[in-house]
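**Student:** Sequence:
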Amino acid sequence: MRWSRYFIPTLKEEPAEAEVISHKLLLRAGMIRKLTSGIYTYLPTGWKALQKISAIVRQEMNRFHGIELLMPAVQPGDLWMESNRWDAYGKELLRFKDRHGRDYCIGPTHEEVITDLIRREIKSYRNLPLNLYQIQTKFRDEIRPRFGLMRCREFIMKDAYSFDMDDPGASRSYEGMRQAYVSIFEKLGLRFRAVEADSGAIGGSFSHEFMVLAETGEDTIATCTDCDYAANLEKAEVTCQGPDCDECSMPAERVSTPGLHTVEEIAGFFNVSPDRIIKTMLYNADGKPVAALIRGDRELNEIKLKNILDVQTLTMATKEEVEKWSKARVGFAGPVGLKVSRIVADLELQFDTDWVTGANETDFHLRHVDLRRDAQISGYFDLRTITEQDPCPRCEGNIYLTKGIEVGHIFKLGTKYSQAMKATYLDENGREKLIIMGCYGIGVSRILAACIEQNHDQNGIIFTPAITPFEMVVIALNIKDDLVREKVEKIYEHLKGLGIDVLLDDRDERPGFKFKDADLIGSPVQIIVGAKGIKNGVFEVKIRHSGERMEIPMEYFSTQIARIRNEVLVHYGLSKNNNYL
RNA sequence: CGGGAUGUGGCUCAGCUUGGUAGAGCGCAGCGUUCGGGACGCUGAGGCCCGGGGUUCGAAUCCCCGCAUCCCGACCA
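The working numbering applies: residue 14 is where the first sequence begins, and numbers increase by one.
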């Protein structure tokens, strides 16, 4: 491709509308333009990158027995009413009526459509298992679209759905997809982690999120230094073991603590460290008062609490509720004598004693509290958020926290949709059974943003070889110089002949201008051709990710190009064997 | 949906406090000089100053009402 005849509207200045780096660079590199809030046009290089991502997704999906199809973007409301999601999905579902007044929506996902298809077409166990996927534009009317391609309303997504006869089959399908996903992100050349995610009511470790690691990620991941354990912060298990301790030798004692209610104030007053204090947090759980106990220096994980209590809604108690339930002002609640429907305590509280707690009386605390002796605890559970001080729940390794961007999510659906929509098959014995489903999503357009979040510098994007719109940019320093023109054309043709996707910067611009643009659009390799080099019989190569520049004699062109290509692949954990190009 | 901010040539912004002929830089067109990290000079085109009401002799500027976009919170690929 010749730059002069192509369309890459780069921007020198930072667009005011963008805040995050990928958004800024996608705009500056001329890859996207906003049409309206959360809706973007993919310009040629942006679209090219998306197609490259899709190609790898497609290749790996096919390799793991996925079969591609395409479903409609517009879906009838009836189907959504059947799955009970017409009401449940909320305002993210963009609805409209056609000229006859019938309800429709623009698909934010395709469980209904695929389940409808399957229930009509699949009747026999002989047709199972089956894995169908599609790559297409979806629409979610996000409350607040932001961060460019990271969270748009209209976005491109790959969605796969698996259909199995039984649970073991569904597990095999799930495992196949997990492997496919690992392979996809490896081939994309991204640093990522597959993390255990909160799977909600389904239970087990049947949900994984695939996170691209980037400092700017919105999610926090807990990862083990030794084994391959990785989990979403919300999900990461905190283990705690220890010998049972003896009962506290001293009886609980009521102490006047006027006006003191934060952990720090209490710790200071009693001259103990915050880990000797129990925080008593009151919640409204489906309308019932519940208390959660946690050490003063710890953080409660509300998602864990919600799962343990198995309730629909969990909200922190209001000031009024606290006063009503604890019979004291906020800051003086404690487990001793507390009248609530349940008191749950964090695991580590059962291995220690002699605590400081609130006294359920304004301006009073208790010390020398022993939970077993003085309080009625309904259970000890993993309630807190993991920290880097905690051990790995699977091995003896340490935990460290990193940030990530969620780009894929796989989970077992079970029979949720097959039941609601009556998708059944006949087994070997002629008995009717529900099809077991799984669904597997990848945010294709989000991957583009995540790739940039992970790989960029002050000068612009640093694309991985699998995603870059152009593998190499050939920069003609002075296109009006006949020698340069001639040489650069030759190199361009030669590279094309090698099957390399190459962009020739043949614009009549100053060198600095071209260097800046080349860095901005992020091709892994730049080949710089100028009059000086030609005179000396060399051409120059710049490696984008390292900034390394080298002069290479013309006669070694082919071998050196091959070497450099391979070097770049290796840098991204790839090798020639990965023939994705 | 709550909280905050911003809307002025294609882009980034100034002007608004204190009302009086709409500005700069970049970009764009032409000419010349340049040519290894976003050059310089000259010339030029390009504006319902977000929209609608009001106040005023006069509104980009003051007041009211909308709309849009961005940022912070709860949701998600």
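I should point out that these hints are in silico values taken from the structure, not numbers from a laboratory. A portion of the hints provided could be inaccurate.
[As the list claims (entries may be wrong)] Within a straight-line C-alpha distance of at most 27 Å, the following computed DSSO-like cross-link-like pairs (lysine-lysine) qualify:
(1) Lys151 with Lys429
(2) Lys151 with Lys110
(3) Lys37 with Lys61
(4) Lys151 with Lys104
(5) Lys529 with Lys61
**Student:** Of the hints stated earlier, which fail here?
**Tutor:** none
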